[in-house]
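S.K.: Two chains, two frames, some hints: make the complex.
Which chain is which? The protein sequence lines are A and B, in order.
Take 1 as the starting number for the first sequence in the numbering used here and just add one per residue.
Take 1 as the starting number for the second sequence in the numbering used here and just add one per residue.
If you're looking for bench data, these hints aren't it; they were derived computationally from the structure.
Treat each hint with caution, since some may be false.
Below 20 angstroms or equal to it, Euclidean Cα-Cα: the simulated SDA-like pairs (lysine to any residue) are [claimed, not checked]:
(1) Lys130(A) <-> Gly238(B)
(2) Lys77(A) <-> Asn132(B)
(3) Lys178(B) <-> Thr210(B)
(4) Lys204(A) <-> Gln244(A)
(5) Lys59(B) <-> Gln57(A)
(6) Lys135(A) <-> Asn240(B)
(7) Lys30(B) <-> Gly106(B)
Chain B is faced by these chain A residues, among others (derived, beta-carbon under 10 angstroms) [stated by the list, open to error]:
(8) Arg79
(9) Gly104
(10) Gln139
(11) Leu140
All C-beta atoms in this analysis are idealised placements derived from N, C-alpha and C, irrespective of residue type, glycine included.
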Amino acid sequence: MPMISIRNVNKWYGTHFQALKDCTTSVEPGEVVVVCGPSGSGKSTLIKTINALEPIQGGEIVVDRVEVTSPKTNLPKLRARVGMVFQHFELFPHLRITDNLCLGQQKVLGRSREEAMEKAMRLLDRVGLKDHAEKYPGQLSGGQQQRVAIARALVMDPVCMLFDEPTSALDPEMINEVLDVMVELAKEGMTMMVVTHEMGFARKVAHRVIFMDAGEIVEDAPTEDFFAHPRSERARLFLSKILQH
Amino acid sequence: MDYHWNWAILWAPSPDGNGTYFDMLMDGLKWTIATSVCAWLVALVFGSLVGVARTLPFKWLARLGDAYVELFRNIPLLVQLFLWFFVIPEMLPHDWGTFVKQLRYGPFLTAVVGIGFYMSSRVAMQVSAGINTLPRGQRMAGTAIGLTTAQTYRYILLPMAYRIMLPPLTSEFLNTIKNSSVALTIGLMELTGSARAMQEFSFQVFEAFTAATVIYLLLNAVVTIGMRMLERRVSVPGFNAGK
Ligand SMILES: Nc1ncnc2c1ncn2[C@@H]1O[C@H](COP(=O)(O)OP(=O)(O)O)[C@@H](O)[C@H]1O
Ligand SMILES: [Mg+2]
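Chain B on its own, in the form it takes in the complex (with noise of 0.2 angstroms):
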């Protein structure tokens, strides 16, 4: 294989007119790093509350919230995106879809959605799994002094089944910043999407997919060192989870 290995390229400029390759890569990471925080608070948010709810001792809630993880948890990641970004707008009445469609942003925000959604049923499955880790009499010593079942969840069962969970959602979130390199088919120049606009205009395929290579494992080596961090800080004194 005779391939012209040719670094410079980074640094040449871009045809898109925003400065170099490398630019365009950086322009790319900054909308990875975007769609992956946003679609993370969204599978936080919605991926908590459905977690919860799971637990709860209503049959019909948790019933509910197992439909809402095997939805979405089971429908390819590519598939929800499509749908969210192509079928739902046509579905709305006429001038909500037609707004939809106008987004300036409507890749992005269907990604953050789409990912989200998508992820938040795994975060889902950790929130059960980290409550139902819990010794069922913590549930019990915190009704028992007179909380309610709100209060029990906010004080006692939640930020224990959070640190448990921790090294869980550190994969997780990874999970979702990987996952963010499928927006690219509706459209969302995030990394995967601008290392792939670069082999297209430059030819240095290589060259391109390495850059992003290296990118995307230094973002995770960044949001790992800052996981591990958290642990630290908020891990328990004498408690060790799972030992």
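Next comes chain A alone, as it looks inside the complex (with noise of 0.2 angstroms):
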């Protein structure tokens, strides 16, 4: 039983652009999977339309078991239990870093103030920020503000995590930092789906990667193969761009 199941999605913007095409995947309990591809290419919509952020117009999605293009499925539970990071963090500007991490978990799961308090510091400890926890998220550099989102979407137990490029915009010297977080949690055995242009990450943890291009899924390979001998053309020149850097 997969994690998540994408089958035959299809995606418009509007009633022209068709931003999606048919794309068929599936992620397994524990699984990495990377999403690469050219901007433009529908990786965000993609991961977006997992936890229902994005409606869509045919097809089927299934995480855990629950149905997400259902009317019937009660979407802020389900968004509960799938984490997101987002390319600019999206912290709360005006919450404390403690209060970012406790919001959803008072809101949304009902937790207590001292038990969301208490997950907190255990999730800030293990991102190393807990001397930064009184701290708002503008104190902060990206790399730690990245990590904070990181820790946001945890503290929630989610069943798996959505990482729509989670690196591009940090400074360089950053991009380690919030790396190491999330190969730590790979290792530990979270199911997860990464946007993502760093391809060191994807050899290192990756089981699977996926390359989109025009709303298409054009290729879905373990990763070895994908990187040893790309089937499509599109991917090739895909990689031999992105591996000059």
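M.R.: If you want it as structure tokens, here you go:
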């Protein structure tokens, strides 16, 4: 039983522009899948459909046996169980780091303040930011903010984590501190879907790589196969460009 | 011009029998403050509701909000006050109309409603703009942790939006105070009305309106200072709006 199952998903923005074309893939529990592809190919759109941040017009998405696309699904409840990390962190600037981590726990999961705080401190410790608990997001560096954002997702005890280019807004010297946290997470068996161009990360922890172009899943292969012999010309071209750096 | 200045007039008894002319102006000031504050509350409540509605993902609701804003913003305030005061009571069922016309504080209540709704259209524009200047990802981040739309507004979008909006809201509050003077046309003896009455009784037109001007300036200074203090109080460490 896959953790995330995406079947024949079609999505349009407006009436004319098709952002996802018949996309099908799945992610097993504990699996780490990297999604890559040129800018505008639909990577963000694809992972946003998984927790219904973007509605789809055709196909079916199931997360942990819950049918995302069914009108009967309690979406807030589902989203609480799917962690999401954004390119620009999206911490809540007016809340202290602790409150950023407690908000969802208290308002969505109904945990008590004490319970939420304990969990928050435990995860802050894990991402190495316990000393910054009482600060505001604007007082942290980009890398620290992104680590807080990961902790904010983890306090909800998610069944899987979605990352949308978590390091592309960071200064180069901060990328590794974030990737390290993600590698740890992967090692612990978290189910992860990661949009990223960090091919080093992909090689190291990804079980599979999905390559997208123009709204299509062009390639979906075990990591080694993908890097050793990409089947499509488009993937080869993409890899040659990205591996030059 | 040989105008005979006489500032002592302020301390001369006024013909309304309630103390000096200065007392009369102070009475007017009280009505100005009461009208402005109450109208501002109406403007904040309705302006926030409409402003939020215009940012919700329901097209028809946003359209309704747009229509509200256009309606109240584009009809001159004076005309709106006359509509509320003279026309609407006639359109109500007879008993209601009579009740409304006999209200003890009719001009005051009409001014609160009229100026309040007029200003609410401007507040609504500020609220929508404030929400729309927040990064799109903020709404998404709230939704992604499982907050409902209402919770996302309550805990994430509005706290930041109102902080960003404080400076423009300050100037809208000052506008409300200025606009309260229009209420003299429906018989409310607020500050401008009092100054005019003083001039009519005493013929000291310059003293009357100079005094009123100074009082308005002081009132605005108090509001501005108060709002600056509020801005400082709620400012977010490490976050500079618009910088
Ligand atoms: N909210 C939106 N409305 C309209 N078009 C959009 C929207 N979001 C993304 N798109 C378009 O959909 C395509 C895929 O976007 P996206 O999923 O963000 O690509 P990627 O993350 O791979 O760069 C792009 O052409 C983009 O312009
Ligand atoms: Mg993207």
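S.K.: Tell me the hint numbers this structure goes against, listed in increasing order.
M.R.: 2
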